[in-house]
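Asker: Listed below are the residues making up each chain.
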Amino acid sequence: MLGLYLHVPFCSAICNYCNFNRGLFDASLKARYVEALLSEIGRAGGAGRAGADTIFFGGGTPSLLEPSEIALIIAACEDAFDVARDREVTLEANPESVTEDRLAAYRAAGVNRLSFGVQSFRDDELKRLSRLHSADRARAAYGEARRAGFNNVSLDLMMWLPGQRVGQWLESIDCALALAPEHLSLYMLEVYPNAPLKDEMARARWSQAPDDDAAAMYLTAMERLDAAGLAQYEISNVARPGRRSRHNLKYWTDGEWLGFGCGAHSTRDGARWKNVSATEEYIARIQAGESVALDMRRLPATERLGDALFTGLRLSDGVDLSAIGERYGVDVWQRYGADLARFIDAGCLLREGARLRLTRSGMLLANDVMSVFV
Amino acid sequence: MDQRFVRNFSIIAHIDHGKSTLADRFLEATGALQAREMEAQVLDTMDLERERGITIKAHPVRLNYTSNAGQAYVLNLIDTPGHVDFSYEVTRSLAACEGALLLVDASQGVEAQTLANAYLAVEDNLEIIPVINKIDLPGAQPEEARRQIEDIIGLDGAGAILASAKLGTGVAEILEAIVTRLPPPRGNREAPLKALIFDSWYDPYRGVVIVVRVIDGVLRPGMKIRLMAEGQDYDAEQVGVFAPKAVFIDELGVGEVGFLVANIKKISDAKIGDTITETARPTPEAFPGFKELKPMVFAGLYPVEGHEYPELRDALEKLRLNDASFFYEPETSAALGFGFRCGFLGLLHMEIVQERLEREFNQDLVTTAPGVLYRVTTTDGKVHEIDSPAKLPDAGLIEKIEEPVITAMILTPAEHVGGILQLCQDKRGVQKTLEYLASNRVLITYDLPFNEVVLDFYDRLKTISRGYASLDYHVTGYWPSPLVKLDILVNGDPVDALSIIVHRDTAYERGRALAAKMRELIPRQMFEVAIQAAIGSRIIARESVKALRKNVLAKCYGGDISRKRKLLEKQKEGKKRMKRVGKVEIPQEAFLAVLKMGTDSEG
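Those protein sequence lines, which keep their order, are chains A and B. Counted the way this note's numbering counts, the first sequence spans residues 1 to 374. Counted the way this note's numbering counts, the second sequence spans residues 1001 to 1603.
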């Protein structure tokens, strides 16, 4: 089953740490963009409608699209693909851009899962990240979502923020737990070399806590969430039973997905491509009937194998070496075992029967382990 | 060419005092190269030389000059290496000349290197013309430089020519002084051939190209010649000059400088300082001063990836074709696997070889700490030359160890004397002389253990004197010393490639400093890494590198697996620069930690 990703490249303000593909909101550009997105989806359909079971609106800030626009896009997906009745339809939303009515309208349009970019429940931290909302606004938005009928809500939180101490991070975790969401995503802030935040940090002399504290933030939060019934299922994600992100799981289980919109990524039939990133160019190409796919390439078997392994290791359950080995016709352990042994010795990695998985502390060192597969 | 109208000269200068620029001006002024053909600094042809602004090898150039009086002259400019590692080559280049230009930077003044080479030139009875360069610079103090030339070197400052090689000022005057003030070559055209080899290199098409100065007689293509050091005979095939491009000619007459191709296969057969004569009519005496060049500094070179050993061996073989002064032999390290023990003339030479291997031959290398050649007498009375700490016999079997000693000449402004004396004492030096020269300059002469100088002497000298002190040295002998082997243990296992030989009295301090430096250089790994310094079975210092706790844990967005893969590839690439010893990944620079302890650990 395919996952469908829809990219919405607009934001009402640009966050000082973000390097995703996005730009400032512009109503007329948005209208033309939605138009283009609908035709791209329409084109992808063609003969023999493929099955899909997840739709994910990511951004940018997808909640800047009107519910009616969301409804049109979902309808286009249904036209082009055989979208399962039991589908997951996620919308990423910023707390400041929603109201109860608007959320109810999204729900009516077919959205059944919300992912709020909360990032922190401390106002000082939100301010440092140049976010537009406050902690109270985040709580209010969450309440609005519940009242609008959403029973599957995820919150994004970021740790290792400038100046943040372990205890302050755990405050955000506790605030999130108090709301009892179905799902949480926890990331560590990565300050990119050219992010405005980097300059602001230098000017204000904010620094990120030592690595050991960052590790403590991660481990303590995961333990606390586990204890509260939000079980970790992936390096950065926890969920109540049955509430894992079905869409994101496709990325980690060697699945297939199609991305629509500027800069969206697709993987299907052993090939991978990316759409052109610039919004205007994307629209122009669609209008001209040209292809928007760039860097289309068929993946060599070794690369597919490696990708399946390193993405699969993100999951708490890890990877089934015999299943993957069978799929790609190789003995995985024979190929990589020698390089993996030292990670097992170091307590980063566990080999349990055919399964290979990271320990929780190993997840913090996942990049070291994963580089074995590239 | 009538020898009366030949002038052979060198330029003696400190690094960066403008030697290459002046040489370029000579080429322009004599029409050897049109300005537009010229790339900056034509004489320094190797990339490395150009980048470092130093000359390693001497490239002679023949210039046709018409004097103010209208007489045509041939001027042979013999470029000299500008670093103490190559001082023997300097002596041979100077021996090929009758005169020298002593180039002094008008703002920097006389430096130790200049002084040392000026002394060599004076000993060789060369006529010296002082030139004060860079007079166009804002900080120029030509009168101060003139005073230093008189007071420090003892030359007549009044005859110094003021110049700016950059702007071309004084160039005409210098050229005229070369023909009027320098003597023509002596030597007898009718005598048996006697020619001094002062440079050679390997050319893939011609074999070895030898650069010679004819002392007596004539060198012609077709002659049967003999290289006197080995007594080997060859056929002189081609003879020519560099003008500056190679031009073949019918003969090199007495006093002339040029090149010779004689079907010589190995550069080690054409030794610098050797004498060429005619087989049929040999000269009774070789030109004096020939020495076999011996490597002075030794280090292990290992491929980062063990399987690249054969490529490293091939690269070393090729490099040696062009550089007879460097030596290598296979060596095995428990920690690093298969590699080579290599000998160099000095630290700069070592760096050059290392850089060429990395740049020209794409080798990823681990270099171990450089050391010197020790003389060890074992209890059975045998004497061993030890070029690697790993080869040092057990302490119980050692009767005595002798270490090579250098005589160092340090020239410094007076205010830094205190710090420099302290440094020399710390380095176990024995003071020989301390002379207050005029112009606030002090000449300090010390005998110092060569190993101490190899380790971190020069950088500290520069730090202490804020860059103003300069150093020149030559090895003068051996003295006995209570030396011990200092081992470094990583996670309990000694890493042979990290062992160094140190003086017993400083072993403790060095061990601590080295362990501390290693802690800085070894990145955090998945487990704690213990670093210990030990002498024999006694641990004298310990440090630990705490376990790595986290990598980056950032959002991987919207199924962009390719991006994630690229990040992982980059991470892996970073690891490639490290050598895995046991379970621990050690970066290349950690093997040279002993060179980088510097002032933070001991000062």
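FYI, nobody ran anything at the bench for these hints, they're computed from the structure. A few of these clues could be false.
[Said to hold, decoys possible] Computed cross-link-like contacts, EDC-like style, restricted to lysine to aspartate or glutamate with a CA-CA straight-line distance of at most 16 angstroms: (1) B:K1318 - B:D1380; (2) B:K1576 - A:D86; (3) B:K1546 - A:E303; (4) B:K1583 - A:D339; (5) B:K1566 - A:E303; (6) B:K1546 - A:D339.
[As the list claims (entries may be wrong)] Cβ pair distances, simulated, as ranges: (7) A:R351 - B:K1575: 33 to 41 angstroms; (8) A:D212 - B:E1569: 47 to 55 angstroms; (9) A:D212 - B:K1400: 44 to 52 angstroms; (10) A:A84 - B:S1544: 49 to 57 angstroms; (11) B:E1360 - A:D123: 23 to 31 angstroms; (12) B:E1569 - A:R85: 52 to 60 angstroms; (13) B:H1474 - A:D345: 28 to 36 angstroms; (14) A:A202 - B:Y1309: 28 to 36 angstroms; (15) B:E1569 - A:R351: 44 to 52 angstroms; (16) B:R1577 - A:Q334: 24 to 32 angstroms.
We treat Cβ as the ideally placed atom computed from N, Cα and C, and that holds for glycine.
Asker: For this structure, which hints from the list above don't hold up?
Answerer: Those not satisfied are hints 1, 2, 3, 6, 7, 8, 11, 12, 13, 14 and 15.
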